[in-house]
Amino acid sequence: MMRPTRIDARGQSRDGTAVLAYLKETEFQLTAAPAVDYYATDPKAATVIRQTSRWLGKGAAILDLKGAVDTESMDRLAHGFDPNTFDPLSQTAGRAAQWVPKLDASGQPMLTKQGLPKGTWRGGHRVGFDCTFSIAPKSVSLAFAAATPEERVAILDAMRDAITQTFAIMEGEVETGRDHGGVRKIGVRGLVASGFTHFSSRELEPQLHEHILVYAVGQGEDGQWGGYEALSFFEHQAMYGALARAAFAKNLEALGYGIVKKTELDLFGRPTGETSFELAGVSESTCERFSTRRRQILEHVEKHGTTKQQAALATRKQKEEPSFEEVDQLWQQTLNRARADDPTMFKLAADLKGLDSQLAPVSDHEVLDRLQAKDTVWTKQQLIAQLAREQVGLMDVSEIVKEADAFLDRMEAHLVRINPERPPETLHSGRRTVRKFEAPRYCSRAWFVDVETKMVARAQQRAYEPHQAVSKTALAHAIEQFQTERGFTLSAEQRQAVEHVTSGAGVVVMTGRAGTGKTTVADVYTRAFRAEGREVIGVSLSWNAALKLGEETGLDRVYSAAKLLSELDHGKLVLSERHVVILDEAAMADTLTVSRILTHADKGAKVVLQGDAQQLSPVTAGQAFRLLRDALGDVELTEIRRQKHTQDVETSEAFYTHAGKERGTVSPEAQQILGADILMRLISQDQLELFDTKAEAINQLVEDYFDCPLHAEKKLIMASTNRDVSALNLAVRDRIIFPRGPDQEEHWVRLKQGKKRVDRQLSRCERIRFGRFDEEMGVTNGTIGTIIKIRKTVKGSCVLTVDLGDGSFITFDTATYGDLDYAYACTVDKAQGATVTASFFLASAQRMDVHLGLVAATRHRENFKLYATEGDLEMIEERLGMERLRVNAMEEGRYVEPPAPQITLTP
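Using my numbering, the first residue of the sequence shown is number 18, and each one after it goes up by one.
Keep in mind that the hints are not guaranteed to be accurate.
[What the hints assert, rightly or not] Once the Cα atoms are required to be at most 27 Å apart in a straight line, the calculated DSS-like pairs of lysine-lysine come out as:
{"no.": "1", "residue 1": "K75", "residue 2": "K419"}
{"no.": "2", "residue 1": "K580", "residue 2": "K620"}
{"no.": "3", "residue 1": "K453", "residue 2": "K391"}
{"no.": "4", "residue 1": "K806", "residue 2": "K732"}
{"no.": "5", "residue 1": "K419", "residue 2": "K391"}
{"no.": "6", "residue 1": "K661", "residue 2": "K847"}
{"no.": "7", "residue 1": "K661", "residue 2": "K620"}
{"no.": "8", "residue 1": "K620", "residue 2": "K489"}
{"no.": "9", "residue 1": "K731", "residue 2": "K565"}
{"no.": "10", "residue 1": "K809", "residue 2": "K279"}
{"no.": "11", "residue 1": "K83", "residue 2": "K41"}
{"no.": "12", "residue 1": "K391", "residue 2": "K471"}
{"no.": "13", "residue 1": "K155", "residue 2": "K397"}
{"no.": "14", "residue 1": "K75", "residue 2": "K41"}
{"no.": "15", "residue 1": "K75", "residue 2": "K453"}
{"no.": "16", "residue 1": "K769", "residue 2": "K155"}
{"no.": "17", "residue 1": "K453", "residue 2": "K397"}
{"no.": "18", "residue 1": "K589", "residue 2": "K620"}
{"no.": "19", "residue 1": "K453", "residue 2": "K419"}
{"no.": "20", "residue 1": "K769", "residue 2": "K809"}
{"no.": "21", "residue 1": "K391", "residue 2": "K580"}
{"no.": "22", "residue 1": "K847", "residue 2": "K732"}
{"no.": "23", "residue 1": "K279", "residue 2": "K419"}
{"no.": "24", "residue 1": "K620", "residue 2": "K471"}
{"no.": "25", "residue 1": "K847", "residue 2": "K580"}
{"no.": "26", "residue 1": "K364", "residue 2": "K419"}
{"no.": "27", "residue 1": "K471", "residue 2": "K589"}
{"no.": "28", "residue 1": "K279", "residue 2": "K364"}
{"no.": "29", "residue 1": "K565", "residue 2": "K847"}
{"no.": "30", "residue 1": "K397", "residue 2": "K419"}
Worth flagging that the hints you see were computed from the coordinates, not collected in a lab.
Generate coordinates for the entire structure from the input sequences, incorporating the hints supplied.
Structure representation (structure tokens):
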């Protein structure tokens, strides 16, 4: 993969890591210690040296930068100057970041709990971007560790060549602005970058990767130097990572290694479209065995009873940056131990040469299907990325790019060209707009015609089905019964929603903002349908959400969407006129799922789609909810009832006012204004806490969580990313488990989380979340339980007895069911639909937009707080107002060639 990280004017990333200083220190150590240089003996007996740093980019060649990177040139470029002439290469060259204090609503400086001023560093000349290429699989890194010096150079050259090829593509995607405000866009002739090859992970295990430091200066096509727009680094990072990995695999095969293409499977064993590769002859068990750090940490934990983090610190070498010789010695010791355990393991990298590759190319239609499964509308860059995944080991970068053009030509009859992405209003009014706002996009003809167009047409044809209407008598009785039982009177808006859903249409759409009482309305219309003999079936994407809907509305049956479609497809359930299907949180359901449900309902079943198109979008292609809403019309619930405080309701309404605007019509300026407005609201309401580091933010969030006297079921911890959720889970767990008592049972066990295997400590009283539906056990994806008994088996797994909280208990072996994780925190995605009294949100600029922010800020009734780092704040403000909904091909429209310019001949 390729991961880009912004480096600010102080040389730091958003999480406070001193990236520039780290790379400079690494470079100094590498050039100062000859033992770290990699060499090979030339056939002519000359010594071949490979420095571990290098210059890349056409801009570096223009500046006559070559050979190893020196820290003086790095410093000058980092500040925006030509390292040779000291001439400024940017208008911001030499500018330092300024400290901007944070003020409260009255204009007074804000202080931390320690009495220190709050604020953030802003402005100055940005250093650039650290684009880290981690394209070497574990087997390649192991081969490198077991290779001769000559072979190490060959592997290193193969990786660098692949990255160099890819960086040339990166340069070609970058643009820069000219004229006032940079409205006129031109291409970039060349960028300046320095590469730093690293050979081990933080745990000192073999892990080949390269940091490409791209400085924030480039030469435009007009020959002028200046800054550039680096959005393409982030938008196309999947393409860059896939290209480099594919080319690296091909280079390794040219060296004589067998390449085995690995196809990633989802939880149901279906291909996801993601691929990777490994070297033939290196088993998965060998890769897992080569983990000295993991073994050291687990042994230390078992012996001393500490946490995994404490063990990691206790077992780490004192020297922060050991020399390559020290690392190499550690590798050889571990290799020797592994060979002693497994005599069949390879001894040298050369032993792996000559083995057959396993590279199965796929057909054009398979590529198209995998593209279409992810995105309804896709770009040429996304096509290149998918081809790179499929052609791993078979093509280099230039061949893959050419293959993309050939694919579009071959598949022309199977594709529909879609309009370019629409630029937000006032964004670019110059003679040339950003390239992505000019390039057509694509959709498969089958999807456009057979999925979207036919789905909308079928739903429209069912707009008038009188037998679907509930009688006025039954409806009035259901409303009266509900109000009497609940002691609650429906509002005019809620009554209108009930009448709309029970009208004479086969497919109806109900939109409800967060906290407006969608479940209340569903309870009423469910009573009305059942009073007339209809069977009401509840469906949601997750089992947990479906079960919750059933409990709150008394539905006859509930299903996850996947389970419902399975039963329908196999004939175990046949929908008829007596059925009503409620698809809850329908805006999160992808288009294919909704289309298939509607197809099964065409025999007469009524379908109710209820959700909110402004909250989180589907994970996969399309958003049928919005498409059907626009085609059929809807009834909308807008009166927010969940939040107790007026200020929280006003914050929610601010999100909705912005999120409800037409796609592509909100300028970056308007996005920034919304983000700033939301943050100022949170500051004035004492709902925002800022910290220097993420660790400090996590510690304070956890402290506030435990200070909150509510039961665990009434409070919620959320985060933007899975990585942050893991960190929060461990932090909460440490507070619960420690200090340990003498009777505390705790064991390490290997669990499954999605597609990964992870090591976790499990203990009595542990709250865990189940990650896979199991009918026999009675658990679903999302079920939460508490371990009341734990026993280690001789095979290393654990037998757990878990209290599910509903009066039931289950006992199982983690070797049989290992899809578990801690249940103290969750992602915002999993929190959608939840209602709690208090919520705590760890925000990250890495994943933020108006929809995620809206969901996070509307889960609570009474108390909400957002925690973030100072370094993330500026980016959160920018992205908090950003709209990133899934698109539909019909909405975007077919591409129409612009008319040729009219030429008037003067007589």
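Exercise for the section: Check each numbered hint against the structure and report the violated ones by number, ascending. Expected result: Of the numbered hints given earlier, those the structure breaks are 7, 10, 13 and 26, listed in rising order.
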